[in-house]
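*Asks:* Sequence:
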Amino acid sequence: MSTPSMPSQVPPHGRTLRSRLIRAGWIVGLPLLAVIAAAAYFGMLRITERLEREATAIAAATGEGQPEPWLRVSVAGRDLTATGEAPEASQREAAVGRLAAIDGVRRLTDRTGVVEEVSPFVWSVERPAAGRVEATGSRPAEVGAFELAQRLKPALPRDATLSDNARAARGAPRDFPDAAAFAVERLQDLTTGAVATLNDTVISIRGEAASLAAYDALRTALATPPQGYTLGTIEITPPVIGDFRFGVSRRPDGSLELNGHVASESAREEIRAAAAEAAEGAAVDDRLRDARGLPPGIDGPALARFVFQLAGLLHEGRVSFEGDAVSVEGNALDAGAVAEAQTLMRDARPPGIAAGRVALSARPIVPYVLRIRRGSDSVTVSGHLPDRAAREALLARLNPRFFRESIHDRTRLADGAPAALGAAVAAAVDPLSTLASGELTITGTSLRLTGTSLYPESAARLAQSLPKAMPAGWNATVAVTSDAAPSATADMGPCRQRLAERTAGHTLRFAPGSTALAPEFYPVLDAVAALARACPAERIEVVGHLDPAGVKPETQADPVADEAAKETAPKPAKPDPKKDAKANKGKAKAETKQEASKSEQKSEPKSEPKPEKTEAERADAGADLARARALAVVDYLQKAGVPLERAAAPTGVAPLSDRQGIGLSLRS
Numbered sequence: 001m002s003t004p005s006m007p008s009q010v011p012p013h014g015r016t017l018r019s020r021l022i023r024a025g026w027i028v029g030l031p032l033l034a035v036i037a038a039a040a041y042f043g044m045l046r047i048t049e050r051l052e053r054e055a056t057a058i059a060a061a062t063g064e065g066q067p068e069p070w071l072r073v074s075v076a077g078r079d080l081t082a083t084g085e086a087p088e089a090s091q092r093e094a095a096v097g098r099l100a101a102i103d104g105v106r107r108l109t110d111r112t113g114v115v116e117e118v119s120p121f122v123w124s125v126e127r128p129a130a131g132r133v134e135a136t137g138s139r140p141a142e143v144g145a146f147e148l149a150q151r152l153k154p155a156l157p158r159d160a161t162l163s164d165n166a167r168a169a170r171g172a173p174r175d176f177p178d179a180a181a182f183a184v185e186r187l188q189d190l191t192t193g194a195v196a197t198l199n200d201t202v203i204s205i206r207g208e209a210a211s212l213a214a215y216d217a218l219r220t221a222l223a224t225p226p227q228g229y230t231l232g233t234i235e236i237t238p239p240v241i242g243d244f245r246f247g248v249s250r251r252p253d254g255s256l257e258l259n260g261h262v263a264s265e266s267a268r269e270e271i272r273a274a275a276a277e278a279a280e281g282a283a284v285d286d287r288l289r290d291a292r293g294l295p296p297g298i299d300g301p302a303l304a305r306f307v308f309q310l311a312g313l314l315h316e317g318r319v320s321f322e323g324d325a326v327s328v329e330g331n332a333l334d335a336g337a338v339a340e341a342q343t344l345m346r347d348a349r350p351p352g353i354a355a356g357r358v359a360l361s362a363r364p365i366v367p368y369v370l371r372i373r374r375g376s377d378s379v380t381v382s383g384h385l386p387d388r389a390a391r392e393a394l395l396a397r398l399n400p401r402f403f404r405e406s407i408h409d410r411t412r413l414a415d416g417a418p419a420a421l422g423a424a425v426a427a428a429v430d431p432l433s434t435l436a437s438g439e440l441t442i443t444g445t446s447l448r449l450t451g452t453s454l455y456p457e458s459a460a461r462l463a464q465s466l467p468k469a470m471p472a473g474w475n476a477t478v479a480v481t482s483d484a485a486p487s488a489t490a491d492m493g494p495c496r497q498r499l500a501e502r503t504a505g506h507t508l509r510f511a512p513g514s515t516a517l518a519p520e521f522y523p524v525l526d527a528v529a530a531l532a533r534a535c536p537a538e539r540i541e542v543v544g545h546l547d548p549a550g551v552k553p554e555t556q557a558d559p560v561a562d563e564a565a566k567e568t569a570p571k572p573a574k575p576d577p578k579k580d581a582k583a584n585k586g587k588a589k590a591e592t593k594q595e596a597s598k599s600e601q602k603s604e605p606k607s608e609p610k611p612e613k614t615e616a617e618r619a620d621a622g623a624d625l626a627r628a629r630a631l632a633v634v635d636y637l638q639k640a641g642v643p644l645e646r647a648a649a650p651t652g653v654a655p656l657s658d659r660q661g662i663g664l665s666l667r668s
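Letter by letter, the sequence shown follows residues 1 to 668 in the UniProt record's numbering.
Everything labelled a hint here was simulated from the structure, so no lab data went into it. Be aware that a few hints might be false.
Said to hold, decoys possible - Taking CB as the label site, the calculated pair distances span:
(1) P386 - D243: 42 to 48 Å
(2) S119 - D178: 48 to 54 Å
(3) T233 - S446: 50 to 56 Å
(4) P154 - R111: 28 to 34 Å
(5) H408 - D620: 45 to 51 Å
(6) A460 - R404: 56 to 62 Å
Backbone N, C-alpha and C define an ideal beta-carbon position, used for all residues, glycine too.
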């Protein structure tokens with residue numbers, strides 16, 4: 001059995017010598033490696049420089065006969081990247097072939113193309129960062145990339161550079177560089193992310209304004225686009241500000257001034273509509289500036305409604321929203337309006353809005369104002385009335401005369417009404433009802449009627465009749481115009497046919513015993529009046545109708561007329577002692593005679609009841625009622641513009657039956 005051999009032992013001094021020799025070898029080899037690396041580096045530099053020289057020469061040669069060379073070549077070591085658009089495919093192939101033939105090129109990336117006709121011609125610039133603007137899409141082939149960049153450089157935002165990634169193409173609109181500069185210049189007033197696009201001759205811009213001043217500058221610049229170009233989609237978001245405000249001021253003449261900020265054009269339109277309603281026909285001065293920044297949690301439309309609700313209680317003053325609070329100050333409409341404003345501020349504020357200062361005072365209502373405004377589909381009554389009875393009386397007079405319109409009552413009750421207010425209103429409501437649109441304004445004891453009439457004759461008649469109908473101590477002015485065209489001449493045959501068509505199915509039938517026009521009469525009579533204007537050679541004849549046999553007449557009260565009669569009735573004179581003494585003596589004698597006559601009457605038998613009317617008397621009464629109805633229709637037609645001599649209720653014509661209703665016919 002052999003014994004295992006032990007590993008040989010290397011003397012310590014042998015290991016040390018070996019390590020020293022290895023380190024010495026590395027020290028001797030490092031300089032050699034450095035020399036080799038330096039030689040390779042400088043050799044590559046020489047190769048790269050040579051490649052750049054040869055590629056640049058090839059690219060420069062493509063500029064012959066062009067505004068500038070179309071070929072652009074970038075070199076990275078021994079790799080080449082070619083970009084640009086050649087005017088012709090053969091030129092592109094030739095240039096790429098020359099690049100590929102350069103000695104020492106390892107890889108050639110071909111990103112070239114051929115100039116094409118494009119439609120639509122679209123070019124866009126975007127501002128992705130504060131210091132960079134990128135162009136994409138198509139740029140004019142006839143304008144070189146360098147030349148276009150030089151044209152755009154003054155329009156770039158401060159410290160920004162242009163990165164042109166657009167491709168050359170044909171089909172650019174005229175004066176493209178000017179329009180492109182206009183679009184790039186707008187980016188100066190927009191934050192990052194903004195985009196401006198030229199689509200043929202349409203300029204569109206999208207982005208957020210950098211500030212209020214920038215927003216105003218944008219609106220001013222966009223008002224005058226380059227000649228030959230129009231604006232397309234403009235989506236510019238107002239800037240965000242830290243002190244968002246909104247206010248409404250009411251002037252003594254009832255007009256409103258809007259100031260502060262509004263977040264969008266749609267919000268502006270809603271605010272203008274609410275302001276027009278609150279102004280009740282007065283002017284609205286819009287001084288709002290576009291800005292965002294309404295505190296979170298506050299609903300903009302709800303805030304606007306609340307502000308206008310408070311402004312409606314002011315005769316003169318201001319409602320303002322600042323920070324997160326609404327304040328109101330000025331002169332209220334009356335004492336009740338002060339309490340209403342305080343209640344609104346306490347109980348009706350929208351969520352997120354704090355109650356600010358309420359500094360309102362109520363002054364005597366001088367002058368006393370009442371306004372009735374007729375629009376296309378509504379009638380609005382505002383101002384003051386003395387009591388509820390006057391309000392109910394006014395509405396009772398308006399409802400049957402404006403049955404097709406909705407009536408909005410915004411009147412308030414207050415003392416100080418001038419004498420005979422009801423009589424003045426009663427005299428002016430009927431003329432207002434004949435207008436297509438108009439306004440009746442009572443200021444103290446002065447009444448003014450303005451508006452537009454469908455009929456020139458009616459407008460002229462109102463200027464004469466309304467002042468005469470005013471109560472004592474009142475004055476009236478009329479400013480009513482008519483846009484109606486002159487009447488056209490028509491043949492008798494077609495006129496009669498059109499009259500039959502317009503009255504077919506619309507029987508005009510008065511209530512039993514009444515001569516008051518019913519609301520459903522007005523559309524028919526308006527159409528008849530318009531026809532009469534178109535047939536100037538014809539005369540309208542109106543025949544009334546009888547009541548049904550055995551029907552009792554209806555009684556219809558007119559509360560406004562009753563009130564007017566009370567106001568215009570002579571008041572009892574103050575007692576005079578001397579006259580009273582004489583009157584008492586005469587009264588005593590008269591009473592003695594009356595007592596004697598009463599005693600005689602008591603002894604006489606009671607008188608027999610009045611005999612019923614004979615058939616002839618009833619026929620006469622019915623004929624008189626029918627004629628009165630015909631005259632009422634004639635009066636309406638004349639007020640609607642039919643000349644006096646062309647509308648009549650002829651005498652000697654038998655009245656029609658209740659079933660037939662009012663008769664209307666044309667006579668030459």
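*Asks:* Decide, hint by hint, whether the structure agrees.
*Replies:* We went through each hint and held it up to the structure:
1. P386 - D243: 42 to 48 Å: The hinted range 42 to 48 Å holds for P386 and D243, with Cβ atoms some 46 Å apart.
2. S119 - D178: 48 to 54 Å: violated (21 Å)
3. T233 - S446: 50 to 56 Å: For T233 and S446 the Cβ distance comes to about 52 Å; the hint holds.
4. P154 - R111: 28 to 34 Å: holds (30 Å)
5. H408 - D620: 45 to 51 Å: holds (47 Å)
6. A460 - R404: 56 to 62 Å: violated (25 Å)
Checked against the numbered hints above, the structure violates hints 2 and 6; every other hint is satisfied.
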